[in-house]
Amino acid sequence: MSVSAAEAAARADLESARFRAGVLRAHWRLDQISFPLLFITVMALPGRQRRAEFFFRFDITNFPTQAPEVKIWDLLSGGSLPLAERPKGPARVMEAFKEGWPGPGAPSVYRPWERHGINHNNWAATYPHLTWLASRDLTFVLEDLYALINPSTAALALP
Amino acid sequence: MNIEIMSEGEGLKDIEVFQVPAGAAASELIRLVAERGGFPAEEAILFIEGSPEPLEIVGLIIDERFHHRAHHVHRAPRLDVHVAYQNKQIVHHYSPATTVQTVLDWAIGNHGFKIDPAIAPEMELALEGNETALPRQAHLGRFVHHPSHALHFDLIRGVIPNGARDR
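Those sequence lines, one after another, are chains Y and G. For any residue, its number in this note's numbering is found by taking its place in the first sequence, counting from 1, and adding 8. For any residue, its number in this note's numbering is found by taking its place in the second sequence, counting from 1, and adding 95.
Bear in mind the hints are in silico, worked out from the structure with no lab data behind them. On a predicted model such as this, the values are computed, not experimentally measured, just so you know. The beta carbon of each residue, even a glycine, is placed where N, CA and C say it ideally should be. One or more of the hints may lead you astray.
Examples of chain G residues lying across from chain Y (beta carbon under 7 angstroms, computed) [what the hints assert, rightly or not]:
hint, residue
1, Met101
2, Val112
3, Leu199
4, Glu217
5, Pro230
6, Arg231
7, Ile251
8, Val254
When you get a sec, could you build the whole thing from the sequences and use the hints?
Written out as structure tokens, the structure is:
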């Protein structure tokens, strides 16, 4: 698939009601487009994380046939966000934002929908509801990121 | 001039955008969503996302305020929401404009199953008998069709994809 087709697919996702609803709810926002790269901010609710927002760098080359490559990003430095500043939480959060995936120093998000997770550890078969499919959209990824960054309020409130 | 309004509704699979003329009666939004959902508009009521009560639409005119909130159109004013976990079941009443996240918070919290804080953040809601976690921002009304007003969820533990054997 050419980059222009990927760009068209990504733009359709960005204009969809699903994506715009997330913007309306202040769950995420599009910061920058420089195809094949998108920079999208995902917000943290008060008290959930030490930062109010996290930046993600999406490489949508061959999207949506190929899953997006999604890295947790530091806009200021133009590189990966240091581990100490990444989202904290229960095991699934720590796993998702751990250091070194898919290799030393790499900052890709460790989830089955991410480009490097497709062929990893039989994830596509084990987690079909989380794996990437060409029928999915960018909002599918953003909903998962938002849920990871924002654990349930009730869970936080329990003694 | 049209105003873009986001709404979920009975019979809709996801949130959608509706174009409604500024200055039109709010019943026009209800008509459009009902038409899309395939049910009679005369029986439908309009909610703002998260609100327990429907909007009073008599005299209500579409304006810019509608553009800044998500809405819901449904025939049921209230749903009986059952959540099952480990052979126990709890029930609470919610409007169809309530999000899955709100029910999840209740189900794991002190008024629900009082889930151990160590695993509470891992919990998800799935439709009864299903193991796929529901999107947390989905409105409950999307899963219920009038005249049924009951919704049955299972509280499940979400998966933690891990294991880096082939790294």
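Here's how the hints hold up against the structure:
Restraint check, Met101/G versus chain Y: the minimum CB separation of about 5 angstroms is within 7 angstroms; hint holds. Taking 7 angstroms as the C-beta contact cut-off toward chain Y, the hint placing Val112/G at the interface holds, the least distance being around 5 angstroms. Contact between Leu199/G and chain Y, as hinted, is supported at the beta carbon level, the nearest pair being about 6 angstroms apart and thus within 7 angstroms. Using the Cβ-Cβ criterion of 7 angstroms, the hint placing Glu217/G at the interface with chain Y is satisfied: the shortest such distance is roughly 6 angstroms.
Interface hint at Pro230/G: satisfied, since its Cβ lies 6 angstroms from the closest Cβ of chain Y, which is below the 7 angstroms cut-off. About 6 angstroms separates the beta-carbon of Arg231/G from the nearest beta-carbon of chain Y, less than 7 angstroms, and the hint is met. Taken as an interface hint, Ile251/G does not check out: its beta carbon lies about 11 angstroms from the nearest beta carbon of chain Y, beyond 7 angstroms. Given the 7 angstroms rule on beta carbons, the hint for Val254/G holds: about 6 angstroms separates it from the nearest Cβ of chain Y.
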